[in-house]
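So the protein sequences, as listed, match chains A and B. For the record, in the first sequence the residue sitting at position 55 is 55 according to the working numbering, with numbers rising by one throughout. For the record, in the second sequence the residue sitting at position 267 is 267 according to the working numbering, with numbers rising by one throughout.
Each hint should be verified, as a subset may be incorrect.
[To be verified] Quick list of in silico lysine-lysine cross-link-like pairs, DSS-like style, CA-CA up to 27 Å:
id, chain 1, residue 1, chain 2, residue 2
1, B, Lys53, B, Lys370
2, B, Lys293, A, Lys84
3, B, Lys53, A, Lys84
4, B, Lys340, B, Lys53
Hints were generated in silico from the structure; no laboratory data involved.
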Amino acid sequence: MITESDIEHIAELADIGISRDEVPEFTRQFNAIIEYFEVLDTVEGENAPDTRVVNVFRDDEPDPCLSQEEALANAGSTENGFIKAPRVM
Amino acid sequence: MAGTLDFSPDDRYNAFITTCAEAPFGDGPLAGTAVAVKDNISTAGIRTTCGSKILDGYVPPYDAHVVDLLRRAGAAIVGKTNMDEFGMGSTTETSAFGPTRNPVDLTRVPGGSSGGSAAAVAAGLVPMALGTDTGGSIRCPAAFCGIAGLKPTYGRVSRYGLIAYANSLEQVGPMARTVEDVSRLMSVIAHYDPRDSTMLDRPYNHRPSAEVKGLRIGIPEEYFGEGVDPRVGESVRDAIGVLEGLGAETVPVSIPGMRHALAAYYVICTSEASSNLARFDGVRYGPAVDTRKSWHEAYQDLRRELLGAEVRRRIMLGTFALSAGYAGQYYAKAQVARRKIREDFGRALREADVIAGPTMPTVAFRLGEKTDPISMYLSDILTAPANLAGIPAISVPCGRVDGLPVGLQIMGRQFEDERVVDVAFAYEQEVRA
Chain A
1 MITESDIEHI AELADIGISR DEVPEFTRQF NAIIEYFEVL DTVEGENAPD TRVVNVFRDD
61 EPDPCLSQEE ALANAGSTEN GFIKAPRVM
Chain B
1 MAGTLDFSPD DRYNAFITTC AEAPFGDGPL AGTAVAVKDN ISTAGIRTTC GSKILDGYVP
61 PYDAHVVDLL RRAGAAIVGK TNMDEFGMGS TTETSAFGPT RNPVDLTRVP GGSSGGSAAA
121 VAAGLVPMAL GTDTGGSIRC PAAFCGIAGL KPTYGRVSRY GLIAYANSLE QVGPMARTVE
181 DVSRLMSVIA HYDPRDSTML DRPYNHRPSA EVKGLRIGIP EEYFGEGVDP RVGESVRDAI
241 GVLEGLGAET VPVSIPGMRH ALAAYYVICT SEASSNLARF DGVRYGPAVD TRKSWHEAYQ
301 DLRRELLGAE VRRRIMLGTF ALSAGYAGQY YAKAQVARRK IREDFGRALR EADVIAGPTM
361 PTVAFRLGEK TDPISMYLSD ILTAPANLAG IPAISVPCGR VDGLPVGLQI MGRQFEDERV
421 VDVAFAYEQE VRA
């Protein structure tokens, strides 16, 4: 059973803002969905890595890439060729 | 014969988010053909929104590989089509740009999430379009709007430039009014691209053949069971009967893992989404984040305002399914279930050459009918298994129920896209004749 405070905690972890009046609805829907997921309890067997799968890497050599102008073109806020972001600390 | 195509459609269906009034085109197999592109596929110089406010105004600086291939084939890219926000829905109602309407019946949804592409094709605004399919998003709207649509084998079409939602499940694919056009568009987009590391070099160069004599069609009981409208099941059985009349035989097969398919699908796609959608932070693209606030506050405020409820719900579900203490119960179990479903299809496709069933359990819903997330999720039950297994699956129209189109779904072995196209083509040619 997921509680309203669980929902607020998950929203915080996911950096998804939810407003106070959305919490009861999200909680109810979340519980219905989680209840549906419970069918997975009846899956037998262990999760084992698929041994047939291989990683595909390219050589670490520079390829043509976006110019600084192109890379900054969609940023909302730039300064001296840098992208501005909110402060982390 | 390079030139410019004038495009000013009467879009009463809200099929397009963006249209290009003068679309340039070049020489090649699709010279001058108008092609619409779903709005989660990057188009250099044409805004690309994923149906979300959080990408409003975003103009990609590069083309997706499939778009590059379209341009090189001479196609005129005439617009970007409406979709459920980030592909998260089966109705195209979660778009921030308003719902698309079904051209067959304006009170109905076109299906989703590639509903704009399906509606544009069904209404005759374009002859063909690109969609994307994570759990049925090409096949569902194809079925609901009465057109053909192919979800290719995973790894057959480059995902470079497709704005990711659930990487391990999704593929770009062709949608058109005829199977022949689906095949033509597939021939253009399925070419190797080293920038998608999950791709194999298995180009598609195929002309459909209507020969099905001796073909073994597997009929899974699970595709005709509870939750499937019996009249839809009946239409699909009739269509399979048409293929039998052409010399195909049917064999019963079973996909026991189907009972876990939908839960596994939703755990996996939401987990992948929770990681993929973390990039939408208003810093590098989209409406600007308020840089005066602290990081978490700014980020949360922006995402509350600019992401719809279904997108936030799925990001939260994925965050929960991957969180400490729950990952073993949900994500790990979902991976086991996925492996079993893949094995089920592998076994069934040794007993049969293709598998047939309905694409969707019902005909198109009424606008506003699916208000509860679970009831919307349940409608993906017959399409999501092909994504979990990575196999090709096509939907082709097969009759109507209550005047609304029904889709026949043909699934095949990995990298046998040609065969599912041929079977759909054989059916289409026979009923048109």
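Structure-based check of all given hints:
Between Lys53 of chain B and Lys370 of chain B the alpha-carbon distance is near 22 Å, which keeps this suggested pair within the 27 Å criterion. At roughly 12 Å between alpha-carbon atoms, Lys293 of chain B and Lys84 of chain A fall within 27 Å of each other, so this suggested pair holds. For the hint linking Lys53 of chain B to Lys84 of chain A, the alpha-carbon distance of about 21 Å falls within 27 Å, and the restraint holds. The straight-line distance between the Cα atoms of Lys340 of chain B and Lys53 of chain B is roughly 38 Å, outside the 27 Å bound, and the hint therefore fails.
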